[in-house]
Amino acid sequence: MRAFALIGALLIPPAQEQAAKFRELVDRLDSEDIAVADDAAGELTRLGTAALPSLRAELGKRQGELRRRLEDIVRRIERAEKLAKALGAPPLVSLRAKDRPVREILADLSRQSGLRVEGEGLPEDARASLEADRAPLWTAVDDLCRSHGGLMYVFTPKRLLVRAGPYRNLPRKSERGFFFFLDVITWTKNAGAAADSYMDVQAALVRPPRSAIHDATLIIEEFADDQGTNLLADPGGSFALDEPTRDDPEALAVQLYMYPPTPPSEQAGAIAKLKGRVSMRAALEFRALLTLRNPLAQQASRQLSGKSRLEIKSWKRTGAELRVAVSASCPDPKDAPGRGLARVVLRDSRGAALAGRSESSPYTGATFVLEEEDDGMATLDDALVFTLAEGTEVASLELLQASDVETISIPFEFRDIPLR
Amino acid sequence: MNLLTLAAAGLLAVQNPDELVRTVDGKDPAASFEAIARLAALPEARRAEIEAASAKLEPFYREALLAEIKLKGELGDLFGKESRVTWKSGPKYATAHAAELATRTGLVLAPSNEPENATPFDVEFDGTFAMAALARICHEGKLRAERQAGSAQVALQPRGWEVQPFAYRNFAFFLQNAYVEKRVDFASRPAWTLRVSLSAVWDPSLPVAGWKPEARLVEATTDSGAKLEAAAAELATSFRQDEVDPMQGTVGHSSMAVALRLPAEAPAKVARLRLVATALLARSFREFALTPARPKAEDEELEATLRPEAEAGSFVVVLRPKKGTPAALAALPPDFRPAYKNSKNTQCSAGVAVKAGEVEYRVYTWSSSPEGLAPGGQIPELVSVTLRLPTSVAERPVRVELRDVPAK
Chain C
14 MRAFALIGAL LIPPAQEQAA KFRELVDRLD SEDIAVADDA AGELTRLGTA
64 ALPSLRAELG KRQGELRRRL EDIVRRIERA EKLAKALGAP PLVSLRAKDR
114 PVREILADLS RQSGLRVEGE GLPEDARASL EADRAPLWTA VDDLCRSHGG
164 LMYVFTPKRL LVRAGPYRNL PRKSERGFFF FLDVITWTKN AGAAADSYMD
214 VQAALVRPPR SAIHDATLII EEFADDQGTN LLADPGGSFA LDEPTRDDPE
264 ALAVQLYMYP PTPPSEQAGA IAKLKGRVSM RAALEFRALL TLRNPLAQQA
314 SRQLSGKSRL EIKSWKRTGA ELRVAVSASC PDPKDAPGRG LARVVLRDSR
364 GAALAGRSES SPYTGATFVL EEEDDGMATL DDALVFTLAE GTEVASLELL
414 QASDVETISI PFEFRDIPLR
Chain V
106 MNLLTLAAAG LLAVQNPDEL VRTVDGKDPA ASFEAIARLA ALPEARRAEI
156 EAASAKLEPF YREALLAEIK LKGELGDLFG KESRVTWKSG PKYATAHAAE
206 LATRTGLVLA PSNEPENATP FDVEFDGTFA MAALARICHE GKLRAERQAG
256 SAQVALQPRG WEVQPFAYRN FAFFLQNAYV EKRVDFASRP AWTLRVSLSA
306 VWDPSLPVAG WKPEARLVEA TTDSGAKLEA AAAELATSFR QDEVDPMQGT
356 VGHSSMAVAL RLPAEAPAKV ARLRLVATAL LARSFREFAL TPARPKAEDE
406 ELEATLRPEA EAGSFVVVLR PKKGTPAALA ALPPDFRPAY KNSKNTQCSA
456 GVAVKAGEVE YRVYTWSSSP EGLAPGGQIP ELVSVTLRLP TSVAERPVRV
506 ELRDVPAK
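From first to last, the protein sequence lines stand for chains C and V. Going by my numbering, the letters in the first sequence line up with residues 14 to 433, in that order. Going by my numbering, the letters in the second sequence line up with residues 106 to 513, in that order.
Next comes chain V alone, as it looks inside the complex (with noise of 0.2 Å):
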């Protein structure tokens, strides 16, 4: 144990829970949440201290105290080490204090631009999350943060809405759309549901896989105090088509939705947004590495093959297990990263179709490069495609809470 250790656990064994549980009050989702992790972070031996502390706190942080401090212990090391970042900057521009967190975390940026109106500003960073650290650049800088599929790279985006991004430990959430829809099924009667999608980051050493793209309501409060409940499930369609549409992603994307039933009079904003998302954390991966001269790999466990398409940009990947079933396989979020003869800042999301013995992946690429997939014109060449799949996953719920989402 190095000093700079003794010294981290040594603080964490003076800190008071009964301070730490004042601080969540509620007022401040992030503050309230960094006095959760810092909670969690205490000692085990100060567990009994901290739940009859907790009693105190409103229900949703006391479950979120609670169900971290478990997960600690289920998960070891899926859980994740802390990462938080000290650092002090003068005026710059968003992209740049980004690039200088990423330099400190080992997070990959893809190449983004500034917005229209962007204006350079100070950060300073005291033991801070680094996820909550990238909420706090995007934000001042009028950017979004998000995950981008077939690919390691976090983009930063224009933002469209005010709300505040919400950062928790290793998790950072941006909104990523909020749009109001009625829908006529001809079976229920129409209502307006607001429906909120959110982006996902999280620290680059976490073995994220994927999410599961439904995120559990908790609560959502207007500002009337008035209560919103979750929206039932849309009845299904009476077309659909047998593939599934490659733009629709698999559970391996990195965003998450939650539908909420609005009233007759429609508030203007969701004051109050609580949220369950799931990450799902792979155990360990299994990797194959398929090229188009040696398009079949297999394990033990089941054999992949690659069949380029003719269609630019896109190809398929046909997996069939061994054992268990292709159904169970399914549900395996799949990380592809494809590489292209002179392409760089590849994206890729795949539709996933579940057949007799195996399943397919049809995956369609592009880049996020100015001169995107194929330069000049020229008809994009499969080189490589790398599929890591996870052996198994461990579910990761984190609390989420996001203010004034605007809901008409």
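In isolation and in its complexed conformation, chain C is listed as follows (with noise of 0.2 Å):
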């Protein structure tokens, strides 16, 4: 024990140098040369979460420019810590297996991932080895797959899947928690009609549990062949590269998609160069537009503000099932950071969201997207049907828009896919 504390004592920088550096990193930010302050300001955005209690001591006690560049400071920290929770963590799972039963490694990958991984249609004796240190849930399945040889995964949006099936090397990328990768590339021709040819490229994003990222867009930057075809070359002029997949936001992993305006050459061997990124839009503050409280005090309710509208048209309780049937519109205008991001949440009394479904669709989770319409409003008109839990009061029904929203990017970059 002795020894531990005399290394991390070694390793750890005493509290006073930490803030001797603090003050020195502050003196530097209200330097009159733009360059020491830019390089302090960044410097002590980099510390993070924990330097905050310390910058908005400092706050207090600094007035002119000064303050206003801590303040920037702390906003910067407080939305890169929104980011992060917004973004989610991907289940990290640990597991040392050799020689055991699939079926029992996938229970144990499910139990520690709080996620549905499940086998599909399995031979009762399929066994195999995996070691795993605290590894993203998706790394350790795609291991799982790739030393046994004859097993691959399928993700749904709901689901991680691993069936019998040879081994697929994916070309993939993981970053900030997220997994992406090409699922399939085909290129069809008609026969015999000799002009008809095209491309599409399928693709799927995993996303970590609960991360509140809300759409999704295959941008391709450079698509060509060995023969040197650019296949983002568009004749027609009206292909959209960048239109994004509208989705459930509560599944674990959607589908991308692109067509390339253009197709390979007859003689192409190989894709020579695939290169894009995922965008993504996080909502890292939702505010309520409209809220009725205590919605199940009478048959139907409204409440109106400005170009804003929540109606519970009727509700019908049986036994634990509640049956909603809610209208809901708002502004959404085209060019808005928050486009496509208005959702409908009903409450408990303790503020949290109930999951339900949507009778006019498969979707099942705790929030209701409505939907955009061409007029820059975004509507939803559904029966929400919840199954109450014994005891639950349900206190609010919200009608909600994003207020703060960030765009992330996962680039990503193939080459030499052989199309022989």
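Over the 12 Å line for every Cβ pair with chain C, so calculated as not near, a few chain V residues:
{"id": "1", "residue": "Gly-131"}
{"id": "2", "residue": "Leu-147"}
{"id": "3", "residue": "Glu-154"}
{"id": "4", "residue": "Arg-167"}
{"id": "5", "residue": "Gly-195"}
{"id": "6", "residue": "Glu-205"}
{"id": "7", "residue": "Pro-318"}
{"id": "8", "residue": "Lys-332"}
{"id": "9", "residue": "Arg-377"}
{"id": "10", "residue": "Lys-401"}
Cross-link-like lysine-lysine pairs, in silico, DSSO-like; alpha carbons within 30 Å at most:
{"id": "11", "chain 1": "C", "residue 1": "Lys-286", "chain 2": "V", "residue 2": "Lys-287"}
{"id": "12", "chain 1": "V", "residue 1": "Lys-374", "chain 2": "V", "residue 2": "Lys-287"}
{"id": "13", "chain 1": "C", "residue 1": "Lys-171", "chain 2": "C", "residue 2": "Lys-95"}
{"id": "14", "chain 1": "C", "residue 1": "Lys-286", "chain 2": "V", "residue 2": "Lys-513"}
{"id": "15", "chain 1": "C", "residue 1": "Lys-171", "chain 2": "V", "residue 2": "Lys-427"}
{"id": "16", "chain 1": "V", "residue 1": "Lys-427", "chain 2": "C", "residue 2": "Lys-329"}
{"id": "17", "chain 1": "C", "residue 1": "Lys-288", "chain 2": "C", "residue 2": "Lys-98"}
{"id": "18", "chain 1": "V", "residue 1": "Lys-513", "chain 2": "V", "residue 2": "Lys-374"}
{"id": "19", "chain 1": "C", "residue 1": "Lys-347", "chain 2": "C", "residue 2": "Lys-288"}
{"id": "20", "chain 1": "V", "residue 1": "Lys-175", "chain 2": "V", "residue 2": "Lys-161"}
{"id": "21", "chain 1": "C", "residue 1": "Lys-288", "chain 2": "V", "residue 2": "Lys-287"}
{"id": "22", "chain 1": "C", "residue 1": "Lys-34", "chain 2": "C", "residue 2": "Lys-98"}
{"id": "23", "chain 1": "V", "residue 1": "Lys-287", "chain 2": "V", "residue 2": "Lys-332"}
{"id": "24", "chain 1": "V", "residue 1": "Lys-449", "chain 2": "V", "residue 2": "Lys-197"}
{"id": "25", "chain 1": "V", "residue 1": "Lys-332", "chain 2": "V", "residue 2": "Lys-374"}
{"id": "26", "chain 1": "C", "residue 1": "Lys-171", "chain 2": "C", "residue 2": "Lys-186"}
{"id": "27", "chain 1": "V", "residue 1": "Lys-460", "chain 2": "C", "residue 2": "Lys-171"}
{"id": "28", "chain 1": "V", "residue 1": "Lys-401", "chain 2": "C", "residue 2": "Lys-329"}
{"id": "29", "chain 1": "V", "residue 1": "Lys-460", "chain 2": "C", "residue 2": "Lys-329"}
{"id": "30", "chain 1": "V", "residue 1": "Lys-132", "chain 2": "V", "residue 2": "Lys-317"}
{"id": "31", "chain 1": "C", "residue 1": "Lys-347", "chain 2": "C", "residue 2": "Lys-98"}
{"id": "32", "chain 1": "V", "residue 1": "Lys-161", "chain 2": "V", "residue 2": "Lys-177"}
{"id": "33", "chain 1": "V", "residue 1": "Lys-513", "chain 2": "V", "residue 2": "Lys-317"}
{"id": "34", "chain 1": "C", "residue 1": "Lys-326", "chain 2": "V", "residue 2": "Lys-446"}
{"id": "35", "chain 1": "C", "residue 1": "Lys-329", "chain 2": "V", "residue 2": "Lys-446"}
{"id": "36", "chain 1": "C", "residue 1": "Lys-98", "chain 2": "C", "residue 2": "Lys-186"}
{"id": "37", "chain 1": "V", "residue 1": "Lys-247", "chain 2": "V", "residue 2": "Lys-449"}
{"id": "38", "chain 1": "V", "residue 1": "Lys-401", "chain 2": "C", "residue 2": "Lys-326"}
{"id": "39", "chain 1": "V", "residue 1": "Lys-287", "chain 2": "C", "residue 2": "Lys-186"}
These aren't lab readings, by the way, just hints derived from the structure by calculation. Where is the CB? At the ideal position from N, CA and C, for every residue including glycine.
With the hints as a guide, bring the two chains together.
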């Protein structure tokens, strides 16, 4: 124990030293030399959440330009904190398994991750080995399948499945807890029609559970075959490369796809380069536009504010099942950063969002997204069905709009994908 | 036994199997299969004679003949009666000839337009199978026929290929699609695959509940005589929806496909494509009438519940088996017939999801009427859904032979 304490003392700078460093950075932040001040601002920001109490204390003592700079740093750290929360963290798993039944391994991974990790059509006697030490779940499952060779994973919006089949070494990128992979590329030609050829790229993005990422866009910046054909050349001029995937905000995985406007050359032997990024929006903050409090006190209720409207047309409770016919709309301008992120949430008396299902779509979850309309409004007209636990009190129905949105990107570059 | 039946029986009795077998020479698939149908229709007493004569046939035709004789015995009434037509007409457009055929056979045609380059033509049928007549009318009129899902109607559509349709006895098959595809799946070496899909039309009296979606390849030969192999099954993708896309259809659909692996130097055409398509014949049907006001119906085997959806033209039907498993129930091809207020000529396709204790069908409806499902832009009002589900099915394999299918 004494030895550890000694090592700790050697490794961790004493508090005085940290305090001195902090004071020095604040002094440099006050410098009239902008480069010096910017450099100090960068260092202070990198200190992160741990520095917030000292920064806030400093704010109270300072005035003028230095105070403004300190406020800016506090804002940036707070925002980074919110972003980290919005992005969530991938489930980490640890396991040492040698020649164990695959079903047992998957059950273990499911228990550790809290996600549905299941076998699908696996032979009863399928066995595999895995060594994972605080590895993201997707990396562990990829390792499991690769080392076995006869297993492959399949993501669905709610589950991670492992099934029998050749391992597919998918081009992939893991970053910030996200897992992006190219799934399949298909090049199709109508037989008997010489000029009719097209390609499509299917990819998928796996997100950390509970991440507040609401849509994803596959943006391809370079796409060329080994004959020098630019697959992004758009002779028609009407090709949209960046249509976002509007999806279930609570889905574990979403599909992304794109159709390059130009097919590869007939002689192409490979895709020489496929470069781009997955662009996503993280909602850092939502504000309530309208709230119906104690919404089950009457059979129907409504609230209006400006162009926003939130209405319960009717509700019915049958045993534990509550069916609420909801109508909502709010402005959702085309160029607004929060476009497409308005939602309705039913909360209990503790403020927790209640999970339910939509009657008009296969969606189940706790946030019901309003659909974007062409007229710059977003609307929802649906019956939402909730199964309430005993003693649950429905306290409010809220119409929320994202008020702070950050765009993040996962860049990728894949080369030499064989076409033959 | 009336006079006509006696005459037909007498005609069959005098037909010489050897003479008929000589017609099965493979030069013209239509003539070869006409002879096979005649051979299979000969009385049981001539079976030994037929089998002896069949030894001279090439394997594909021999197997077809012997399979037909066996099926006739096994399927009984489900084998279906011969439906033949005899008539002659001066020049008319294909849709007019098809309308005449429909009057004579009970075939139900969806409203169809002539293709732009259509011209009138003569027809002459003399004891021709009704489905062979349909195939001939469609080919001459630059059309292809397709049985519509969620309806008993047969639609005639402009065809994109010159490939002759194929008809045998109660069935006609039309080339629906032919395309080559290279799939980069990051496991196997990408190679061109030819995917050919066919649409089937059948005599209206035959209780076809659906088709197996994949046809079995018997033989594919290029112009140079090289054989093409069936492509390996596609590897599963690593993303899929939990729900099944309604547009993918269920086993009840009337089309089937085959995939062929192409060599590096792809041939221009598959000179001869021989397949076995499998119809699922319903031994009997159970029927449920569901409406939004009375959304539940049941019998001793299962319970059906209708759930209209907010999305225009879609609804959900949930089946809960009281006996047996949901998976076994999902293997039976359902036939949904929705009726919408002020809409006609509706068609639909259903995606199926097997869940704990139930099978859920998500059905999407549209209309081939010019005004669509919702005339005047009104939200279509679902009036009723009739669900016909086979109690059990018998498989009815049908040999199919196509010539000169484009391969690149």
